[in-house]
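Participant: Each chain, written out:
There are 2 protein chains.
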Amino acid sequence: MPKKNVVIAQSGGPSSAINASIAGAISRAMAAKEIGKVYGAVNGMQGFLDRKIINISDQIKSSDDLDTLIHTPAHALGSSRYKIPKGEEGDAVFERIATILKEYDIGYFLYNGGNDSMDTVCRVANYFKKHGEDIVAVGIPKTIDNDLAETDHTPGFGSAARYVAASIAEVYLDTIVYPLPAVTVTEVMGRNAGWLTAASVLARDTGVPAPHLIYLPELPFDPDDFVARASALIKKEGQIVVAVSEGIKYADGSYLADTGAAEDMFGHKTLGGVATILEALLKEKSGIPNLKSRAIMFSTLQRAAAHYASETDLKESFECGWRAVEAAIKGQSGIMITIQRESNEPYLIRYAEGALDHIANAERTVPLEWISDGGTNVSQEMVDYLRPLVRGESSETIVGGLPRFFRFDWTKLVKPGE
Amino acid sequence: MPKKNVVIAQSGGPSSAINASIAGAISRAMAAKEIGKVYGAVNGMQGFLDRKIINISDQIKSSDDLDTLIHTPAHALGSSRYKIPKGEEGDAVFERIATILKEYDIGYFLYNGGNDSMDTVCRVANYFKKHGEDIVAVGIPKTIDNDLAETDHTPGFGSAARYVAASIAEVYLDTIVYPLPAVTVTEVMGRNAGWLTAASVLARDTGVPAPHLIYLPELPFDPDDFVARASALIKKEGQIVVAVSEGIKYADGSYLADTGAAEDMFGHKTLGGVATILEALLKEKSGIPNLKSRAIMFSTLQRAAAHYASETDLKESFECGWRAVEAAIKGQSGIMITIQRESNEPYLIRYAEGALDHIANAERTVPLEWISDGGTNVSQEMVDYLRPLVRGESSETIVGGLPRFFRFDWTKLVKPGE
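Residue numbers (the working numbering), protein chains in the order written: chain R, -12 to 405; chain F, -12 to 405.
Worth double-checking, as some hints may not be accurate.
Because identical chains share one entry, a pair is satisfied inside a single copy or across any pair of copies.
[Stated by the list, open to error] Here are the simulated lysine to aspartate or glutamate pairs, EDC-like style, with alpha carbons at most 20 Å apart: (1) Lys20 x Asp92; (2) Lys223 x Asp396; (3) Lys399 x Asp45; (4) Lys302 x Glu340.
If you are wondering where the hints come from, they were derived from the structure by calculation, not from laboratory data. Small disclaimer: the values here were computed from a predicted structure and weren't measured.
Using the sequences and the hints given, assemble the complete structure.
Facilitator: Below, the structure written as structure tokens:
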């Protein structure tokens, strides 16, 4: 059988484990007798359509490069927000994809991303099948939101969870130093799925009581109940920390973030962070004099903090990339590598393949029975589920106290055959 | 000579290395034949005046406890904002301090903090000298702002610097994933001294070009120049990261943070983060269509991030506490332990004692000749100064992927003799 080339692309939002997946895929692909060149598309599908293709085999010069790549956060191949249109317009795009793949003699198309990305690779795989193209398309899961269907959890989640848990514990110790009533509201990413906010519960494993209240987007947020509970806690404890998902909604379904907009210096409405809204709400309505309040948005720090990645997450992320290539070689098109949990303690998993038709456009949110205390806490089942995912310290290369990052040269585009 | 007891208190803002100092002091004090009990005052001078005194010797049960204490961020003994009044009212407070010290048979008073705290311990020492009290008062330096006089740098600074540098590098990699014009403005603590913002320059050691612009509070901020420079850079580079001190001022001396206030949902003026103001400024005036902008405030994360402390910083912080006890035993009242640098490479330092009279109320800002490129960058001298301070990975105890923190029981107050 003649060798075929492989192309890898990344899409969706960044994570600190995303490049471990492509490192796994690159490692397996470079060793595969069925595979010739390993290409990368810069900026996902959008870049691929523009033939922004680099030769990864040429740019990875050593196992040190691969190791540094594993510990480099955010898409080393760049990302894209491009969505393939529906209908005839989409068919033209699929044809163009097939044309470019054939130009570069590519038989294996690997796409690394979240929900939207899995939809893309699903449609690509279905188009190839329908049109008899001998090209395999495989998905590699990635998202800090942990909301992909058919998998126990997603690469990227454990590292973000570890960062959020440790940071909230540290922020709590910072919050309590003055003997004055104080609240720190921390805002965690996750528009519709509260997994990452739920992971804040692990802060309690460090020996602190924070977070005192946890709000996920799966249940409606009741401002009055929040003010009552938080005020009572502050009066009792002195200082508290709240963890809230950016995506919490009022009972009518509207996002808090949309309603609490503040005006910036030019009179523009800026989307007020949810944490800022909750902080202001407490200051206004708690009736606690001189309440010291602070809002902390973890912002992109939580998804880029490679310096505090979970080694468990990095290993699984690598393995997902590795196995995506193995599945591709076997011709398993239209699947995504999934992680299936056998047990929590000891933590045992196995890898499997999930049909992209079942994964694309499905969103796995937190089971309501894992949310406790009137929507202000999470259950022991959630804690047991989370604990193994944050284990292991990142073994990133440190030089002079700081990490070193691997960067592909995105400008070194190659023509077919190069 | 009869044994005397020692009391340790902490004050000022948190840092992730502050408890390494008291761990050093505790270690030395517990081993000193001149010292009996090791007391801690909870919540600084304020707590001391309220006799919120705990017995540290009883609460530290093992070397493991001490090791965990070293790696626990934010005042393990709590902090205070209390300032001793001037004049007669102050004299009454000094008398009360002396009374309580005698009640507890304390001969050594150790105070761990920043500028204001050194003023406090200076005045206490001067009062004792003037009134012939046989009590030694010694300062242990601490501040992420790095603005104490007479010392090359301050414990706490290196760890915050390491966190800021690594985080900005990570945030840069997150900023560049989409092929769209984008700016991320990161806001760093330091009201009057720009040392910590300057440390953002070390992000470039990781292999990224960020931060592209660095603004310190030592020079006036020119909004038009900023918009012109940042816009040109975005047009050239596509995406950039800016590091800005929370304390930057306009040419008229007013703080940006004071003028850019936004109104919250209740119509209150909220002090707009400087990063938010700069982000809004660029969006408004850069003329770049669809500019994606983001503001990231490192907030208390930067001073509490024990998970990314600099081991160099922790060791020096420990040593300052250790030597404060040695100086106290020798009767050197009215001094603060200082760090004197012998050379950058190899990094060599020695410890010394600085007169608190020269340290209290002095503020060491960044030398103007270390600020370059029209106030938008820092010099090679600054880089050479900073590099050794962030070296070494924190060796915090990790259990199940997360740190464990040491906490004194603040409610276990003791009476004299206990």
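Participant: Does each hint hold? Answer for all of them.
Facilitator: Outcome of the hint check:
1. Lys20 x Asp92: within (15 Å within a copy, 79 Å between copies)
2. Lys223 x Asp396: Close across copies (17 Å), not inside one copy (56 Å); limit 20 Å.
3. Lys399 x Asp45: within (10 Å within a copy, 64 Å between copies)
4. Lys302 x Glu340: Within one copy only: 18 Å inside, 49 Å across.
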